[in-house]
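Modelling step: build the complete structure from the supplied sequences, incorporating the hints.
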Amino acid sequence: MDENDNRPIFESNPYLMTLAENIGKGSSILKVVAKDADSGTNSEVVYSFGSDVGNAANVFRLDPSTGWITTLASLDYETLSWYNFSVVAKDKGHPQLSSVTTVMLRIQDYNDNPPEFERQHYDAAIYEHAVPGTVIVTLEIRDADFEPSKNDFYITKGNQKDQFSVRQNGEIFVHKPLDRETTANYLLEVLVTDGLFVSKTSVAIDVLDTNDNPPVCLKSKYIEKISEAIPPYSYILTVEASDADDGKNALQLYTLTGFGASDFVIDSATGIIKTVKNLDREQQSRYFLKSHVQDKGHPEWTCTSLIEIHLEDVNDNVPQFTQPIFTVAVAEDVPVGSLISKIHAVDKDLGASRKISYSFVSNPLGQFEINSKTGIVRLKRSLDRETESEYNLTVQATDHGIPPLSSTVLLSISVLDVNDNPPEFMNKMMYATVSESVPVGTEIIVVHATSEDIGINAEISYSIIGGDEQGVFEISAVTGQVKLVKSLDYESVRDYFLTVQAVDGGTPPLNNQAVVNITVTDANDNAPVFSQPSYRAIIREDAVVGSQVIQVLANDADSAPNAQLSFSIISGDDNKHFAIDSSSGYIKVAKTLDREMVPNYVLQVLCSDSGIPQLSSTAYVNIDVSDVNDNAPMFSQSNYTAIIQEGRPLGYTVLKFTIIDADAPPNTGPFLLEILSGNEDGAFRLVQQDASLRTAIKFNHKKKDKYLLQLKVSDNGNPPLSTDSWITALIIEESQFPPIISPLEVVINSFRDEFPGGVMGRIHATDGDPYDKLHYEVVSPFKELFSVDREDGTLVALPGLDVGSYNVNVSVTDGKFISYGVILVEVNMVSEEAVKNSVGMRLKGITPEDFILSHRKNFLHGLRSALNIRTKDIDILSIQPAEAVTTKEKRDTNRDLDVLFAVRKSPHVYYPAKQLLNKIKEKQALFETASNLKVVKIIKDRCTTDYCVHGECVDRIVLDETYVVSITTESLGYVSPQHVRKLECVCNSGYGGTHCDIVINECARNPCSSHHVCFPHPSDLGYICQCPPGKTGPLCDRDKTKICRGSACYE
1 MDENDNRPIF ESNPYLMTLA ENIGKGSSIL KVVAKDADSG TNSEVVYSFG
51 SDVGNAANVF RLDPSTGWIT TLASLDYETL SWYNFSVVAK DKGHPQLSSV
101 TTVMLRIQDY NDNPPEFERQ HYDAAIYEHA VPGTVIVTLE IRDADFEPSK
151 NDFYITKGNQ KDQFSVRQNG EIFVHKPLDR ETTANYLLEV LVTDGLFVSK
201 TSVAIDVLDT NDNPPVCLKS KYIEKISEAI PPYSYILTVE ASDADDGKNA
251 LQLYTLTGFG ASDFVIDSAT GIIKTVKNLD REQQSRYFLK SHVQDKGHPE
301 WTCTSLIEIH LEDVNDNVPQ FTQPIFTVAV AEDVPVGSLI SKIHAVDKDL
351 GASRKISYSF VSNPLGQFEI NSKTGIVRLK RSLDRETESE YNLTVQATDH
401 GIPPLSSTVL LSISVLDVND NPPEFMNKMM YATVSESVPV GTEIIVVHAT
451 SEDIGINAEI SYSIIGGDEQ GVFEISAVTG QVKLVKSLDY ESVRDYFLTV
501 QAVDGGTPPL NNQAVVNITV TDANDNAPVF SQPSYRAIIR EDAVVGSQVI
551 QVLANDADSA PNAQLSFSII SGDDNKHFAI DSSSGYIKVA KTLDREMVPN
601 YVLQVLCSDS GIPQLSSTAY VNIDVSDVND NAPMFSQSNY TAIIQEGRPL
651 GYTVLKFTII DADAPPNTGP FLLEILSGNE DGAFRLVQQD ASLRTAIKFN
701 HKKKDKYLLQ LKVSDNGNPP LSTDSWITAL IIEESQFPPI ISPLEVVINS
751 FRDEFPGGVM GRIHATDGDP YDKLHYEVVS PFKELFSVDR EDGTLVALPG
801 LDVGSYNVNV SVTDGKFISY GVILVEVNMV SEEAVKNSVG MRLKGITPED
851 FILSHRKNFL HGLRSALNIR TKDIDILSIQ PAEAVTTKEK RDTNRDLDVL
901 FAVRKSPHVY YPAKQLLNKI KEKQALFETA SNLKVVKIIK DRCTTDYCVH
951 GECVDRIVLD ETYVVSITTE SLGYVSPQHV RKLECVCNSG YGGTHCDIVI
1001 NECARNPCSS HHVCFPHPSD LGYICQCPPG KTGPLCDRDK TKICRGSACY
1051 E
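Residue 416 in full-length UniProt numbering is what sits at position 416 of the sequence shown, and the numbering runs on without skipping anything.
In silico DSS-like pairs for lysine-lysine, Cα to Cα no more than 27 Å straight-line:
(1) Lys844 - Lys857
(2) Lys872 - Lys857
(3) Lys92 - Lys35
(4) Lys934 - Lys857
(5) Lys937 - Lys836
(6) Lys576 - Lys588
Pair ranges (Cβ atoms, derived):
(7) Arg942 - Thr210: 50 to 56 Å
(8) Val986 - Lys921: 24 to 30 Å
(9) Asp574 - Gln688: 40 to 46 Å
(10) Thr433 - Lys342: 52 to 58 Å
(11) Thr210 - Asp152: 29 to 35 Å
(12) Glu784 - Leu1035: 55 to 61 Å
(13) Asp574 - Val986: 46 to 52 Å
Honestly, the hints are just simulated from the structure, not real lab data.
All C-beta atoms, glycine included, are put in the ideal place defined by N, C-alpha and C.
If you want it as structure tokens, here you go:
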């Protein structure tokens, strides 16, 4: 009998299956199978859900016998996309055995949800100038399906002209150009479908305005008539214009132009035109103006209208007389009815307002009458000058306007007389007093004569008929004013008696005379004059205070008190050693003199008079202070020490004395030197001629190694004065070692091969003998080109040294031994081209000596690295210490060094300075790294655009041919010209001055054409126009060097 010892075994564990979510309810989807190896009832299997079935039990059914799983309800992927549960298989045996398997069901999505717009309505806006392709709005879609299907969009309504289109990503974009002025807004219906479902939304699109339409003037011309009496700010008209744009894009700007436009104002926004002041038809009767309407966004878009304004006349002008006053003269015997005058007036108004009537406002005695239409005035009654000599009538002119306007004028009528009375002076004798200092043109006196007649009979003219033979005075024929025409001189003439005549204008003329006495008074017009322009005197320096030196004399041509003189010393005597008597002019000693302090005085003496204004003159007094022997001669040292080697020859110069005496010859030399003591054995002697102490014996330091000499020097004065000095002479053994000369190389840069000469260096020599005195000499072969200081070894090159190499032989001797050496001198030429293309660089903390000894190679290496050039192409032109610019910089810049160099491009061509400057600035850091030198600055061009007003600024480097900088060390010497920078202006033709700001000739006006060059010329024009050098022809475009032949040739 079978024993239940086997469990049911599932054919699969787990079971995996994918189900479509649209599978029908009650569908069999999976069969689980478990087999049992037992037999009978022990092999029968019953199926059931496991305990983890959960909600799946409501969705699926499991057949316990067959194992089929079927659906109880519809599936929904969007609700639950996976089902996992276990199935248990049990047999029917005892004990009952079971096993478990897992069923995993994946639900596959199906398109069962429609696509839906995020919004049912969209609002958007786009500018009308948007280009096709511009995205307006993006429509967003949602779809509940896990894997949404591809959606298609369509514009189904509102897009009749196909202005818009929609992409598959929902972007609505401009398909064709828009025009807001045609259609300002659109309402689109947009459809989306996934192939099965369909959704719709609406899209409202507003087309925004852009300024794409110009203003249009609605009228081409306006004509208005207004009264000239219209008040200011009255409305005239409105300029009308339209713009198809909207809002601010339709804003317009109105302006008004034309002759007289300033009499009106136009509102810039509305176009309303008003008057701004009172108008006057008589000034301007018609206005022809033009209005301009501009688009505010595009001022170049404009339209114009013509505006014609006519002013209508009003009676606003009174009649105007042609003269401010009418004057007429008539003889008293003219007959009645004679024409006396014609009064004329005009009126600027028009029509009836222009017609004028004339009448008298006042007509005393009724002597005259006037024609109301013509204005002619005639004599109505006879005249009598003795009864009435003048008539003043008022005439009125009235126009015919409404209301009428009028004005008046004065008519003055003079009655003429007969000439029967001569002129009469108020006084027959007249007096005047005048100073001789009054200027020419001064009025002296006015003479006056009168006549009882009138008119021309009473017109008097004056003249001088006697007493002015020298023409010193003139008289005004009309006013009788007597003026000075020549300068007066009291010292020459002190009184004038002028005969003045007065003549009337009658026929025949009548006359009368009077006398004018003019007295001239003295003025201070003569400065004092010294008896001689300069004075010279000599005074001993031991003169006592109060001693008279010299008297200065002066006189004055004026009279008292102007001729009272006083003297004073105004300069040349700062310490007041002299005084002058202000009245007599005697100069005296005021302080003790010392010729050794001040040997000569040049006093400026002032002589002043007592006039007003005070006048003065000066003279110079040269006072020489003569010497007295009051200063003893002095040795340059109070004590001397001399070292003398054995073996020195007799007559060897031990010392040369410098004698100083503050006195003047003959109280100075010749000096007398004496040995007072210490000259044992007559070892020394004095040579008076050169003031030297010399040996007189051969010395042996073992016998005597020291002398103490007492010397006295006396001068040549009377009595003579003297001074002593002590000399210690030490005797040492003779020289044991010869001098040793250090090698020396010197490089000289000669500008333009014109070396001015100068110190090249110093020969350095050493000697093992501590007291040896060395002497230097050039021995051969260039003694005419080089010299050496015998005492200190300073080596000098003489002017005219040519470019090349020199081996200069020199000798050094200590008196016993002579040593020889060779100085190597290399002279290089610096050309103008090199200087023109040079660049200056300032290096920090470097002395010239440090540079040539330790940094020159590093400098060249740095330039080679920075500029990518060969070191042999670099020419160092000049080296010199940098100058301190300010006090703050002085401590640093004293140790800075200026180096001037140029770089060769080929043997005779240099790289341009500007190119080098830019490259070095760019590579400065590389230069500093490669050379281990710090650059303070690279000298740049200092020119500015406004430095030269009419010319070109040039900042150039100049080498001083006359001054060289010598840098000397023990082994090397470097000599180069000093370089400076000069800021100069190259002036245009016709201009000069430091900044080309001064006009110096006619060329400053640029009178010549662009082809010619202007040159100053002594002709009337002041200039001449010529072709540039080498050019000819009317346009200066022909080469003058080419042969010119034929009739077409121009020269």
